[in-house]
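Trainee: Here are the chains, one letter per residue:
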Amino acid sequence: MVATFEPKSEYKVIGTRPIRHDGLDKVTGRAVYGADIKLPSMIWGAVLRSPHAHARILSIDTSAAEAMDGVHAVVTNADLPQAENEMVDLGEGATNLKWAVDNILASDKALYAGHAVAAVAAADRYTAEEAARAIKVDYEVLRAATNVDDTIADGMPAILEEFVDSPGAQESGHANHVKEFTHEFGDPDAAIAGADHVVEGEFNLQMVHQGYIEPHNATAVWDENDRLKVWTSTQGAFTVRQQIAAILKIDESRVRVTPLEIGGGFGGKIPIYLEPVAAVLSRKAGNVPVKLVMERRSVFEGTGPAAGGKIHLKLGATKDGQLVAADSTLRMEAGGYPGSLVGASGMCIYACYNIPNMRIVGYDVLVNKPKVAAYRAPGSPQVAFAIETLIDDLCEQAGFDKWQFRRDNAAKEGTRRGDGPIFPRIGMEEVLDAAKETDHFNSDLGDPAPGNVRGRGFASGYWFNVGLQSSVNLSLNNDGTVELVEGSTDIGGTRASIAMQAAETLGITAEDVNPTVVDTDTVGFTAVTGGSRVTYATGYAAYNAAIEMIDKLKVRASMLWSIDADDVQFEDGVFSSKSDPELSIAFKDLAGKLGDTGGPVTSTGSVDLEAAGGAYGTHICDVEIDPETGKTDVVRYTIVQDAGRAIHPSYVEGQMQGGVAQGIGWALNEEYYMSDDGVMSNSSYLDYRMPTSLDLPNIETVIVEVPNPVHPYGVRGVGEVPIVPPVPTVGNAIKDAIGIRLRETPMNAGRIVSALGS
Amino acid sequence: MTTQITPGPSRVHVRTTINGQAHEFLVPPYMSLLDTLREIVGLTGTKEGCLDGNCGACTVSLDGRIVDSCLVLGAEINGKSVETVEGMATANGLHPLQQAFLEEAALQCGICTPGFLVAAKGLLDNEPAPDEHRIRHWLAGNLCRCTGYDKIVRAVQKASAEMA
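Chains A and B, in that order, are what the protein sequence lines are. With our numbering, letter number 208 in the first sequence gets 208, and the count goes up by one each step, no holes. With our numbering, letter number 136 in the second sequence gets 1136, and the count goes up by one each step, no holes.
For the record, the hints were derived by calculation from the structure and aren't laboratory data. We put the CB at the ideal spot given by N, CA and C, even for glycine. Careful: at least some of the hints might be erroneous.
To be verified - So the derived list for chain A, only partly shown, Cβ under 10 Å to chain B, looks like this:
| id | residue |
| --- | --- |
| 1 | GLY23 |
| 2 | LEU24 |
| 3 | TYR126 |
| 4 | LEU142 |
| 5 | ILE213 |
| 6 | ASP223 |
| 7 | GLU224 |
| 8 | PHE266 |
| 9 | TYR651 |
| 10 | GLN655 |
| 11 | VAL660 |
| 12 | ILE664 |
| 13 | LEU686 |
| 14 | ASP687 |
| 15 | SER693 |
Claimed, not checked - If you want the footprint, here are the derived chain A segments under chain B, 3+ residues with CB under 8 Å:
| id | segment |
| --- | --- |
| 16 | 11-20 |
| 17 | 484-493 |
Turn these sequences into a full structure, and let the hints steer you where they fit.
Mentor: Pasting the structure below:
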């Protein structure tokens, strides 16, 4: 039974904008990020990577590297424990252990250019890099598949031999093209045949990277008790522990992971790449600490991007504007190993609408590109591009108003999501209503520069959010302040949002709570900072811990007053007797009397939340395009989103604006641009070209609050859904400006010029 | 083809001023200023993002001019003056930019923050009242992947107003 809450409308701490607790360290340069750690006797590692997208590894000669001055150890896959083809849970659901190990250091084959093949530990970083280059690898280069069409081309070799006989590959007829699921409800074929208006489109998306500014890093050392200590930048210390233990075949309790400050993740710092390599290098080098920091090119070429893919979608509507049918086929690129997250695409594609007849078929497509990792609402932006584009096309074809059609068909409580679940209370309708009320929606487009054209588009998006497990410990200081210990690494201000929920519950200020993120030895299990879950789930754990602290303090107050504990109530930060109005004591005053009533007061809170509150957003964008050069400027952008409850509105706005910026990059510029032989041609920030401050306008935000009934303060989770609508929003604006529909990302200058020229 | 980086004259003697304090050390001739600050001087507030001058996370001020410290050699700062994020706060408290970044929530993960602060200080030291476009133009060499720049630009505007 899931507890439900009736959130209050007035709070003392929630909804305010205190300065984040870790802010001082982060504006003074004191904060210790993963790469900043320095340990006694520490040496440096470097990784050698495959230059080929698909190649058999015939031999690796490490002798020249080993002979170099200053080199302490060289390792290859052979130095990792032998991994079998077995399914293990590495914190993100079951995965094949051999694939997980081979992605860390390739065994028989390199599956993408940038795939790690060997690693070196040496006295310093420069020596390690030189030594890595001295390793000689003999490759047999194989034909590489770099996109969905390549994988089914005649003569394309199987990327993973294990897949040739898998049921999914048998069904699709090709080893690299694995059928994952079919979701079907109603009769989509009959409904489309009977629809008055039918639209259909195929959408092509290139892989994009999360683009966090801090490269991956890891430092590891074994102690004399054979215990492994790891310092790293990660979205989940416990998930790192789980992955390291499985890959190194040791008990989780023999690994301590200390999460240092993390310089961005967006899903990409959930999987591990360097930690086991640092561990085996440390072992081989005589148990000294080894630090690895990935160079930027390898971050692009060797760590998880978001899936590209090919999406085919058909929609049918009646003449009076009811969306009656949807049929889609999703072929999403997983990279060299399975895991495109096409399942999440299937959950999201129809989630903004009530569609009575529908089908979704999902394929995981192996290609010779890096293994996909989660990227902010993974799988949802791609399918939003398809459906929000086609809904615009449908409205144009049928003469429907684009807002009214979306509003008339909007998902609400009781609507069935494409993959089956029935929605609880959600905010799609409220978000659409709020979008219609914005100044932006009702404003004129304004005049473009001479020769340029302007257009406006809008689109919606959904992300389900997750709950999962979190733990929080509280201890009360005698001045009434509270130490809060948590396991959720803080990427965007979650120390503040968690501390604020504890403070609200305890009736103290945000500044009275001191949050600390600790290592895996020091707090209970806490799942990753991902799924937009931290403010929701770890905040819930903090609430539980605070409630337990209040219960304990009621007993202390009853001891002071020699009354029954049941007679003590707590309201607005004050304990008082229900029966004797003379007896009352403020939280802070009671904290000073712990020594008289039994000593320290500590409490814990933990949660395992199956339910979460889904989030919706609607975005509005104005673009100005120079038809001669194809250059597109985003001149105005507004994001409207249901946060459930915004604990710290500044950081909610920050998540919204940041997601929009990434989404605009995805729409206009960013892509894995692959050479014919499967090597990424633009693996630097210069060539990959993420949006700079000069590329974006101020991003207007409207926070809608439809409280999530399964959270004490109504929190839904806000981090991911902002990246879902931008690609179709920008695409719809481009269509409005130039009158031509683009169905491929990125919608860059070249594509616009060629569309206008044809 | 591999090259051996040693032997040879393996260290360069450097006398320099960092955040107003005199420093003297030996640095390998191939070592970047970024690594010199982080590994030799011990100032890790300056961050590595790309090592090719495209992200600005390693921005420092060299004789009053902002540079990507990954593109400068440590040996080049001999006789010069370097300012890093660690030198922005004084005994009197935070620099107005640091305070504005906190108040405006202009950081999320914070890895780009030192570079932005040093770059923004470089702007305000020379142009006390830049408009929004000028700020966006000046900061275009610093990448932030979390904020969408909105709150960073507002924080610089706020600091500029407070320093006026």
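Trainee: Does each hint hold? Answer for all of them.
Mentor: Hints and how they fare:
no.: 1; hint: GLY23; in the structure: 4 Å, holds
no.: 2; hint: LEU24; in the structure: 7 Å, holds
no.: 3; hint: TYR126; in the structure: 6 Å, holds
no.: 4; hint: LEU142; in the structure: 25 Å, violated
no.: 5; hint: ILE213; in the structure: 5 Å, holds
no.: 6; hint: ASP223; in the structure: 24 Å, violated
no.: 7; hint: GLU224; in the structure: 27 Å, violated
no.: 8; hint: PHE266; in the structure: 7 Å, holds
no.: 9; hint: TYR651; in the structure: 6 Å, holds
no.: 10; hint: GLN655; in the structure: 8 Å, holds
no.: 11; hint: VAL660; in the structure: 6 Å, holds
no.: 12; hint: ILE664; in the structure: 8 Å, holds
no.: 13; hint: LEU686; in the structure: 5 Å, holds
no.: 14; hint: ASP687; in the structure: 9 Å, holds
no.: 15; hint: SER693; in the structure: 4 Å, holds
no.: 16; hint: 11-20; in the structure: holds (count 3)
no.: 17; hint: 484-493; in the structure: holds (count 3)
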